[in-house]
Every structure is written in structure tokens, then in C-alpha cells.
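S.K.: Residue strings, one per chain:
Protein chains: 2
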Amino acid sequence: MTLEVVARYAGVSPATASRVLNGTTRVRDELRERVLAAADLLGYIPNAHAQALASASSQVVGVICHDVSDPYFAAIASGVMRAASERGLLMMLASTFRDPSREIAYVSTLRAQQARAILLISSGFQDRAWERAMSAELDPYLRGGGRVAVVSRHRTLRVDTVLPENRAGGAALARALLDLGHRDFAVLTGPRALTTVSDRLGGFRDALARAGVDLAPDQIVEGAFTRDGGYDACSGLLQRGLRATCVFAITDVMAIGALAALRDHGLRVPEDVSLAGFDDIPIVRDLSPPLTTVALPLAEMGEAVMALALREPPHRRSRVARFGGEVVLRASTAPP
Amino acid sequence: MTLEVVARYAGVSPATASRVLNGTTRVRDELRERVLAAADLLGYIPNAHAQALASASSQVVGVICHDVSDPYFAAIASGVMRAASERGLLMMLASTFRDPSREIAYVSTLRAQQARAILLISSGFQDRAWERAMSAELDPYLRGGGRVAVVSRHRTLRVDTVLPENRAGGAALARALLDLGHRDFAVLTGPRALTTVSDRLGGFRDALARAGVDLAPDQIVEGAFTRDGGYDACSGLLQRGLRATCVFAITDVMAIGALAALRDHGLRVPEDVSLAGFDDIPIVRDLSPPLTTVALPLAEMGEAVMALALREPPHRRSRVARFGGEVVLRASTAPP
DNA sequence: CTGAAAGCGCTTACAG
DNA sequence: CTGAAAGCGCTTACAG
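Read top to bottom, the protein sequences are chains U and A.
Mapped onto this note's numbering, the consecutive letters of the first sequence carry residue numbers 4 to 339.
Mapped onto this note's numbering, the consecutive letters of the second sequence carry residue numbers 4 to 339.
Errors might be hidden in some of the hints.
Residues of chain U placed beyond 10 Å of chain A at every Cβ, according to the derived structure [stated by the list, open to error]:
{"#": "1", "residue": "22"}
{"#": "2", "residue": "107"}
{"#": "3", "residue": "135"}
{"#": "4", "residue": "161"}
{"#": "5", "residue": "243"}
{"#": "6", "residue": "244"}
{"#": "7", "residue": "306"}
{"#": "8", "residue": "315"}
{"#": "9", "residue": "317"}
Beta-carbon label-pair distances, calculated as ranges [as the list claims (entries may be wrong)]:
{"#": "10", "chain 1": "A", "residue 1": "316", "chain 2": "U", "residue 2": "329", "range": "53 to 59 Å"}
{"#": "11", "chain 1": "U", "residue 1": "40", "chain 2": "A", "residue 2": "43", "range": "48 to 54 Å"}
{"#": "12", "chain 1": "U", "residue 1": "48", "chain 2": "A", "residue 2": "26", "range": "31 to 37 Å"}
{"#": "13", "chain 1": "U", "residue 1": "243", "chain 2": "A", "residue 2": "48", "range": "38 to 44 Å"}
{"#": "14", "chain 1": "A", "residue 1": "28", "chain 2": "U", "residue 2": "148", "range": "31 to 37 Å"}
Sample of chain A residues with no beta-carbon within 12 Å of chain U, all distances over it, derived [claimed, not checked]:
{"#": "15", "residue": "12"}
{"#": "16", "residue": "35"}
{"#": "17", "residue": "102"}
{"#": "18", "residue": "159"}
{"#": "19", "residue": "246"}
For the record, the hints were derived by calculation from the structure and aren't laboratory data.
Every residue gets a Cβ at the ideal spot worked out from N, C-alpha and C, and that includes glycine.
Working from the sequences, and respecting the hints, build out all of it.
M.R.: So this is what it looks like as C-alpha cells:
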């Protein structure tokens, strides 16, 4: 069912039919009604590719994350989807499964799709080669009128950014835990090449240092950025002998794994050891004990990154929207 | 950067350049290399819309669910995405936020996108008007060579189906709980118009009846299909006076809310009351107590629904892939 | 307000 | 093996 058939059926030219259906120009009422009736009767649906090709723009917004089933990304994606829906845009969501090269491949595909905007909602990689390759994809896209916005700090990408204040959040959490009386800490981190990891860890460590508290290198354990990564990292820590009274997992997802590991080793939280995370994904309220964490407005961040990408007129210089994290003390932490 | 430019740069016709880039026909090595070099040098990316328009097929698979941030859908979507990636397809994920009319609107948009396949992974609605409207969208799409597959029972959609055995799973769970010694049950359900709800509830109730155990109507409470829906439904039950020794929440997500409600009312699980869910989403292992549930292989189901939609030759008659649920007894249930 | 025509960037019979 | 040409289904100046 094409426009031409509809037009013929209504006894007008394709041009007129197109104008009626898009509401771009005034069309005599009689013709307009004939076209509308024909389109309705024939169940006409315009071919989006033909529209995109002819008008050089599409209704698709591409969103790239590490893993759709990670609640952190799901929450942000939810916000993006809400903002996109309001604007009549479709969202195309891709999971890289944490493969940096796949992330670049997806950007390329989204360019091919003439996506209206490309949103990177995963943490940045601090890796020269990757940064270069990503810029090589993004720059021509931007020059061609494409819109790009990201969540998290990306060192070299000069694009609109939604920036969770990871460093400040890490520091605030450290101070809150110090206030509770803790002096011995352990940290479960993800890959250091992720800006999110290094920022949170840096803020946390600096705040401790400022209070004269040292974070021993052997009390920092790196794991995968997942629930199981948290479990494994925490298990490693326990095997080596836990000296800390408080464990900070760099994300809530890792903290969930850590909680399981602690429990499996017969340790009670918070009686034997306190545990804190970061992000405040919805589920952590329902853990027992509920998790102390740094709350980020994830859905709002998703709406913001969409809004940033679409703002008019397009940015001359990139803009940064900061979102502060708020320490939420729950039952997983207690005085040592 | 278009094909024509690449072709000119390589000194060949657009046709030849196209053939080189798509590997469809043999091209003399010398020309092939010139084209490849030119494409590489110029950073050529084919316009996916033009390709789709010219070849009448796209690389996009559309997936429609109720809510991306629901772990049940996230897990299935993860499986779909894995299967799609293996085939070099892109996945477009849409959330309807549980609005049936939006579900139909998305199908329409995906048709316009000439999506290679459309996957409905939300539960079916038992609603005549909705079923009719959905069929009206799907039928022409199928006739035009589109592929459709769904997860869950849809009464009137004659398409390939991944069918979790909700009824059998509900029954098996009931028997397991009876074996534990329970005789007084309460159920937290979602909207009855969802086939998933009515199947699970039906299976559960039938198995009880077969054992001579009655499920009092006032012990069945309906809530939204969310964590908060579970919380509210369970609170309502508690206000009316809980007579059951065991509560069955129709999904794990609702069970998470129920667990919180029970805790907030000062009830211990399972000492004061047992609690069971359905689905085995990853997080329920990490609750305390971990949740008794009916385990469904969600990621596998996602891979299966993708495979079903894409199988060759296309179905003459629709096929059904059944996935059994396995009762997993965990610490949230105990003898009364 | 309306139509004929060109053009968007590809692919693919059809000749050669 | 290679190229000229038609065509995919729209939109949009350009005339009228």
C-alpha cells in the first residue's frame, strides 16, 4: 500500500496526498477529506525509509548501553524512553555487552540509520585507541547534523553531557561513613579504565585522606561491573582476610553480589561489617538489610540526556548537566 | 558521503561499487580493491534507509514490551539481543508502559520501519477490541512477508509463540506448597485481562481444588503488575486480616513488593507467613529470605522467540515452543 | 491551493 | 565481469 495508490484512489496527485498526510501545507477541505478517507480505508502506512530518504531525517533515537538487564541502565533508558515518547520519537536500544568495539560498531549502524540522535549512556572508557575510534565515528555524524549526548564523563568526547557527580558522591559517602565511626575501609571496584569507577574511587579515597584515614591498596579489589563481579571481588577480599569494618562497592549492582558473598561467609550486615553501594537502583530498598548508597536520579538523568541532545538551536559548544548524588543511610551500615 | 562518490573515486560505476561492498557478485580483483580502498579512505557508510528502500528489507528487529526496567522483560530482551547480534541484526526496543493502545501504535511504527520481525514479549490481553486492533496491524504485515513471534499466550494472534507453561507452573507450585503443609493461601494477582495472570492463577487454584483446598475469593487481591502493585495488594490483604499461612504473588516483581509490605507490618517471612513468586528473575536469589518461585529460562525464551520469528522457510502454520517452569524452593517458604 | 518532476541513495534485473 | 537505467516510496522546490 503506497502513497500513489492512496492518491489515485482519492483522485489527487501523490504530492497532494503527501501534503495532506503530513499537514505541511493547506489543502482544500474536499481533497483533504478524500485523501484521509482513502488512507484510512486502505490502511495506509507510510514507508519510514522512503520518508527518511526523501526528507533526510528519521524518527529514531539510538541509545547505547552496556547491558539492558542492568537496572542502572534500565532506569536511565526508562527516562530516555519517556522523553522520546513525548516527542513522538522511537528509541532503539543496543547492548554492547561491555565490548568497547561493539559500542563503536553500533554507533556506525545508527549513523547508517540516520538516527536523529545518538545517546551513549554507558560510562566512558579511558583508553586512547577507543577514544580516537569513537571520535572518528561521532565527528562526521555531528558535522552532518547528528545530535550526540552522553551520560558520564568521557574525556575526549566534546558533546553534551549528563554528569552524575561521582567524585563528590564518593566523597560525601566517605564522610558519612566516617561520621558513623568507621576508620577501616575496603572497596570493591570495577575496571579502572571506566571513568565512573575512577571518579567514585578517587572521591572516596580523597575524602578519607582528608580525614587522615588511609585506604590500604590490598583492601581495594577489582571485579567485573556486575552482580557476580561484586560477589567474586568480595569473596577474594574475605579469603585474604577482611580487615575493614566497612565495605564500599562502587555500584549497587556489585554491592548486591557483595552482600551475598558476605552472607555466604557467615558474616552479618551490618553487625559484623557495614556495606554501602552507589546509584540507588530501585531494588536496593528491598534488600535486607536495605542498602546504604548514593542516590542518583536515574530516570531524570535519562530525560535530561534526551533533552540535551535535542535542544534547539543545536549546541555551538557542549553543555554539561550535573546531577548530584545524595547519600542515603539505610540499615546496611552501622557504627563499627 | 555516498556510494556515487566512492564509485567515482574508484573509477567504477555505482553498480560495481555496490556489488563490491555487498559481496553479491564477483568483481575483478583490481576493481574490488580500488573500491574497498576508496570506501575506507572516505569513511563511507551506506545509508540504511536507501538500502532498505531499494532492497525492501531492513536489519531491524522490533521488540515490544511493557516496561524495559522490569527485570522479567529485561532478561527476555537480553536473550533476544544476543540472538539478534549473532545474526547481525539490530534490535529496537519499545516500552508501552502498559498502555495497550501504545502497543498497537508501536507495531504500526515498526511496520513503517519495515522491521524484519516484530516480537511481542508482553503478556497477551484478553480484550476483544484490542485483539482485533492488533490483528488488523499484524495481518497485513505478515502478508507482506513480515515475521511475528510472541512470548505468552495471545488468544487470537495466529503467530509463532514462546509459551511459558504458566498454568502447569502455577499448579506445580501449589502442589509444592501443599506438600510443605500449607492449607490456607492468599494470592496477589495482576490484572485478570492478562493471560499470564489468569493462567497462573487458574493452574494454582485448580491444583488446590484437586487437593480439596479452597481458595477464598477474599484472599485473592488484585494489584498493578509492579513492585508497588505487590506492595499495595499485600497491604490491602493485611488490613483486611490475613488468614493465610502462605502468600503467592503472581510474579516475582510483585513478590518483592509483598515482602516489603509484610516486613513493614511486622511479619517475618517465613516464620509468620510463607511467600512465593513466579519467574525467577535474577534478583530474587539475593533477597533475604531468598524467594521460592517458579523458574523460567527467560534469556533462553528470548533467544527462542527470535529464532522462531526468523526460521526458514517462513511458517505456514504457527508453531509453539513451550518452556516449562521449575519450582525452586528457597527460604521464603517453610512449613506452617 | 495543486500537480509534474526531480531527487534522496541505494540495488538489481537487463544488456553487453 | 561491468555499466546504464529503472525503480524502491516518499518529499519538496518550482511552476502555475
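S.K.: Hint by hint, say whether it matches the structure.
M.R.: The hints, checked one at a time:
1. For residue 22(U), the shortest C-beta to C-beta distance to chain A comes to about 18 Å, beyond the 10 Å cut-off, and the non-interface label holds.
2. Residue 107(U), annotated as away from the interface, keeps every beta carbon of chain A farther than 10 Å; the closest lies near 12 Å.
3. Once the 10 Å rule is applied to beta carbons, residue 135(U) is consistent with being away from chain A; the minimum gap is 14 Å.
4. No Cβ of chain A comes within 10 Å of the Cβ of residue 161(U); the nearest lies about 19 Å off, and the non-interface call holds.
5. Taking the minimum C-beta to C-beta distance to chain A, about 23 Å, the non-interface status of residue 243(U) holds against the 10 Å cut.
6. Annotated as non-interface, residue 244(U) keeps its C-beta farther than 10 Å from every C-beta of chain A; the closest such distance is 24 Å.
7. Under the 10 Å C-beta cut-off, the non-interface status given to residue 306(U) relative to chain A holds; the minimum distance is some 14 Å.
8. With a closest Cβ-Cβ approach of about 23 Å to chain A, residue 315(U) is found to remain outside the 10 Å limit, as its non-interface label requires.
9. The Cβ of residue 317(U) lies farther than 10 Å from every Cβ of chain A, with a closest approach of about 21 Å, so its non-interface assignment holds.
10. Taken as a hint, the range 53 to 59 Å holds for the pair residue 316(A) and residue 329(U), whose Cβ atoms sit roughly 57 Å apart.
11. Remark: the range hint 48 to 54 Å for residue 40(U) to residue 43(A) is upheld by a beta-carbon distance near 52 Å.
12. Judged by the Cβ atoms, the range 31 to 37 Å given for residue 48(U) and residue 26(A) holds: they are separated by roughly 32 Å.
13. Checked against the hint of 38 to 44 Å, the C-beta distance between residue 243(U) and residue 48(A) comes to roughly 49 Å, which is inconsistent with it.
14. Between residue 28(A) and residue 148(U) the CB atoms are about 34 Å apart, so this pair conforms to the stated range of 31 to 37 Å.
15. Once the 12 Å rule is applied to beta carbons, residue 12(A) is consistent with being away from chain U; the minimum gap is 16 Å.
16. For residue 35(A), the non-interface assignment is confirmed: its Cβ lies about 21 Å from the closest Cβ of chain U, beyond the 12 Å cut-off.
17. Under the 12 Å C-beta cut-off, the non-interface status given to residue 102(A) relative to chain U is violated; the minimum distance is some 10 Å.
18. Consistency note on residue 159(A): stated as away from chain U, and its beta-carbon is indeed over 12 Å from all of that chain's, at 18 Å minimum.
19. Against the 12 Å criterion, residue 246(A) stays outside the reach of chain U, whose nearest CB is about 25 Å from its own CB.
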